[in-house]
Structure formats: C-alpha cells, structure tokens
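Using the sequences plus the hints, can you model the full thing?
Here is how the chains run, residue by residue.
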Amino acid sequence: MDIITLDNVSYYYKTYDENNDVSYAVGVEGVSLSIEEGAFVALVGHNGSGKSTLAKLLNGLILPKSGTVTVAGLSTADKKNLFEIRKNVGMVFQNPDNQMVASIVEEDVAFGPENLGIPQPEIVERVSQALEQVGMTEYAKRSPHKLSGGQKQRIAIAGALAIRPKVIVFDESTAMLDPLGRREVLNVAKQLNKQGMTVVLITHFMEEVLDCGKVVVMSGGHVVKIGSPMEIFDDDRLLSSVGLDAPRSIALSRKLKSAGFNVTENCIDAKVLGGEVCQNLTNK
Amino acid sequence: MSKPNKQVVTPQLVTDSQTAIAADNLCFTYNAKSPFSKQALNNITLNIKKGEFVAVVGHTGSGKTTFVQHLNALIRVQSGELRVLEHNLSQKKVDLKLLRKQVGMVFQYPEYQLFADSVLDDVCFGLKNFGLKDKAEREALAEEAIGLVGLDFKEVKNKSPFDLSGGEKRRVALAGVLAMKPQILVMDEPTAGLDPRGKREILSLVSSLNKEQGITVVMVSHDMNEVYENADRIIVFRDGQIAYDTTPRDLFRNEEDIVSMNLEIPHMAKFANELERNGYIIPDNCKTVEQTFEAVMRLKGGE
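One line per chain: the protein sequences are R and A, in this order.
Here the first sequence is numbered in the working numbering, starting from 50 and rising by one per residue.
Here the second sequence is numbered in the working numbering, starting from 146 and rising by one per residue.
Simulated from the structure, these hints should not be mistaken for laboratory data.
Relax, there's no trap hidden among the hints.
When the alpha-carbon atoms are kept at most 25 Å apart in a straight line, the in silico SDA-like pairs for lysine to any residue are as follows:
1. R:304 <-> A:371
2. R:304 <-> A:346
3. R:239 <-> R:197
4. R:306 <-> A:447
5. R:63 <-> A:300
If you only want the chain A side, here are some residues facing chain R, beta carbon under 7 Å, derived:
6. 310
7. 338
8. 340
9. 341
10. 413
All C-beta atoms, glycine included, are put in the ideal place defined by N, C-alpha and C.
Shown next as structure tokens:
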C-alpha cells in the first residue's frame, strides 16, 4: 500500500528582481511519485534540484501550487488534515543545532508529544522508547548541547519518533556530520526501516543510497529517474548530467568491467575489487 | 588536572625563508586552572614549507581546529613556540593586522558570514577593514578575486549574495579572503555540505590556487577520498597529538590504525593496498579512479 502519493505536483518560489517585479522560480514541477508503506526511498540530486522542496511538500510545510500530495489517504491541501498528516510524517533536518528546543535531552524529545496533548504517563513511555530506538537512553538527563553532532541528530530523530509517525524524512540530516556521526544516523535510519518505518532519505552522498530499495533522482525540479541503486549507478550519462558521482569503487569496477576484466559489476568494496583484479592479473 | 607545560628554556626554532609554518612543542589547554580544563594540543611539532598543500584530519575533538585557529592568532600560544611566516606568535606582540592579511582563514560554512547587500561590498569588506582607502583599488582587487573563484564579476557584483546558489555563495566568501592576497590559506572543511559538483569546483579552485599562485594551503577535512586525491601531505591529529605526518599513500597503508581513529580508508587506497598485498604495485601518484584504472591497465599490458 502507498503511504504517500504525489500526483503531478508543482511548487514555485516567488522571487523579486531589482524593480520589485515578481517572478517565479521552479521548486518542483510535475512530480508524480508514490512511496510504499515500509519502503526505504532515497531522494538524490544536486543543490537546488528540488529535493528539499519535495520534502517540505510531504508533510504540508508547503502546499502544492498544483497537483495533490496525499499522505495515508489525506490530502495536504485540506487544512483540516494537516495536524493528522504532520503526526504521520516526522522530519529530521540538516543542522543538529537548530533542532534543539530544551536544555535536557528527555525534555527535548517530549516536546512533540507534549504539543499533541498526550497524557503525561504516556509521554514518559514514548520518550523512553524513542530514546531506546536511537540508542541514547543513557543520555536522557544530559544537556543536548554537549553532545556530538551525530548524537544530536539521534536526539532529533527520537523527537520525531515520539510522535509515532509512519514516515520519517531525513532532509540531508547527515550533511553536517563527520563520518562517525553520519554512520550513526544512517544506522538508526536502517534500523527503523527494519522495524517497519517508512524512510525517505534525502542526501547527496551516493554511498548512503546503496541500501535503499528505490532511488529517486531529481534535477531542475523534475524527477529524472527512479530505480534501484545499481540501476542508477549503471546510468553514467544521467549521473554526470545531474552532477552526481558514483562511489569511487563502483566507478572503477565499471571501467574495469568494460575493459574486459572479470570483476563484480558495481562493486562497492574496493578490497574485494582489488582481490578480483589480482586474480585476473594472475590468470592472464 | 592537567596544566599547560611551562617551557623553561625557549627552544630555538629553525626557520628559513622557505618555511610557512613552524611549531615546536605547541601545547594548549582550554579552561586551564578550572575543573573543566581540557588539553586540546599536546606537544605539536611540525614544519610546513611555502607552497605545500597540507590536509589536517582527525576525529571530532582531536585538536585539529584548535591547531588551525592558532595560525592567525585567533588562539594565542599558551606554551611552546609557533612561527608563521615572519611572525613569532609565541611573543606577546604580534602584528595581527599583517598576520591576518597574510593568513586567510576560511571557516566552516563561510557563506553564513556573508552579510552585505551586494557581492562586491561583501568581497570589499575585508580590504576596507584592513585600511585600503582607495575605492577603485578595492574594487580592482575584488574583481580579481571574484574572477579567481570562477564567477563572472559583471554578472554577480550587484547581486545580493543571498540570491546565489550554495556553491556560489561559498565562492563569494572565499573571494573575500582571496582579495587580501593571502600567502597562506587555512580552510576548515571547505567542501562540507556541497553536492559532488560543488565539491569538485571548490577543490579544483583550491588546487589551482596552490599550484599556480603558490599559495600554501592548510585544509581541514573529514572526507578522506578528497584529501587522498588532493593533498601532498596529511597530518593526522589524535587526542591533541600528531599521530601521523606523511604522504597520502603512505598514511593509508596503515589501514587498521586509521580505522581505529574513526577515519575512513579512501576507496582507491583500499584497492591499491589489496593489490600491493598480492604483489602488484600501483604507483604512489595514482590516486584518482582514472589514474588507478590506467595503472591497472599498465599492469595488465606489462610483462
């Protein structure tokens, strides 16, 4: 079953030139897309390709100028639905420091459910469960400001989880983190997906999309390709035209394959690839 | 409680006209003499020559940012000795104005520091601050710097910096630093948050500034693939000390140790290491996908 459907969705940003004349810049245009419940979908594209606009459309932070966005059967265009939709679609943004609202971790995580008017005992339960899901239970009483970037993002994820959404959208949530922090966040995303959560991962680190079921490539506000990670990496011309790179190991394996080497196509592990190349060289 | 080591005898740092940065037993402790004291740098000794492209890497909290902030005296020397170009930063009196003109500092997410109404004003701001009174002269330097970062001066000069794309904003911020004609460029994660194309643009720009203008580059980065391909030399910080100071190829031969520091092995280094273990040699200067591929083809064709 599809949890989110976008039907021919367009969104334009108002811009003003020197004479204060209004013109419109494309955010996204004519996007149709469906996301199945329990899926792990990556949205990739260069800066300004429309990824974040799309993310904001998913929970009604912005509304389509034309077309419809439907979340769990509810259209975002209807104001009455927005409350329900935002409960269903949690969001984690890019900058960990901009998402902290309280001075103690557990209070920060409780902010969402408190806003929903959930009774106190249940909030306590939700908070402790959410912290457990992101592996931050022992930090419940700490100040979020002294945590590392990856830990802060895990708290932000816990905050989203405490609302018990059906979908979590990671809007470049790993972009400002160091490699360790990036791994932390990505592992939590994978773990949540295994437990049945629908995950939408927006990124331009192509290595992060390898474990996704489906990759949506955006450029200039349009969806230019939807496919499995390997189908996307197969399309060299597409990748270079949208300014994305296949991970280096995969790029090398593809070059070697087309030069007649007997190697795994789209090999992400450079060590394995190296081993295979050695066998080719030895047996030549 | 750790105290900064007090030097009894000031060591005599040997520097010559070729030295850009020389540190001897540099130590730094945050919140010294308080219960929260934390030693960030512990006996850092190194020498960087003019024209080098040095990458500084290390896990968050390893001391790399504390170190680079010493280089234009944003952090003053507590103990040990530090010389940058003709300045002795261990002394109390330093010509900060000249130093900061010579050592351009590009912080993380420099585009957050853009503020002026137009690109031109933003790039000129530093020059004005450093006392360049002649407007025409300022604009000429700004034009040169904007050209250097690959933007069209006429097209962008009157635009608001906020109307530019992420990659363009970063280049404007960089132009503001380059307008000062620094001899040393210190950059803290210059490519963080950019898409692959933006990253490539910034890196090739930094590379050409280094190769063609001879600017000494000290670049902090978390991206081992980009460091591997671009730097001549990598300095690895661990717990406030220098764990490695060597060439990219040699550094990543220490796979286990690198991984234990929570750093990644670049794909092409991992590949070359595996070939080496089996007796096939990829030359040390083959670091990109393209170069590695060609090296493998030579191995296949040879003998």
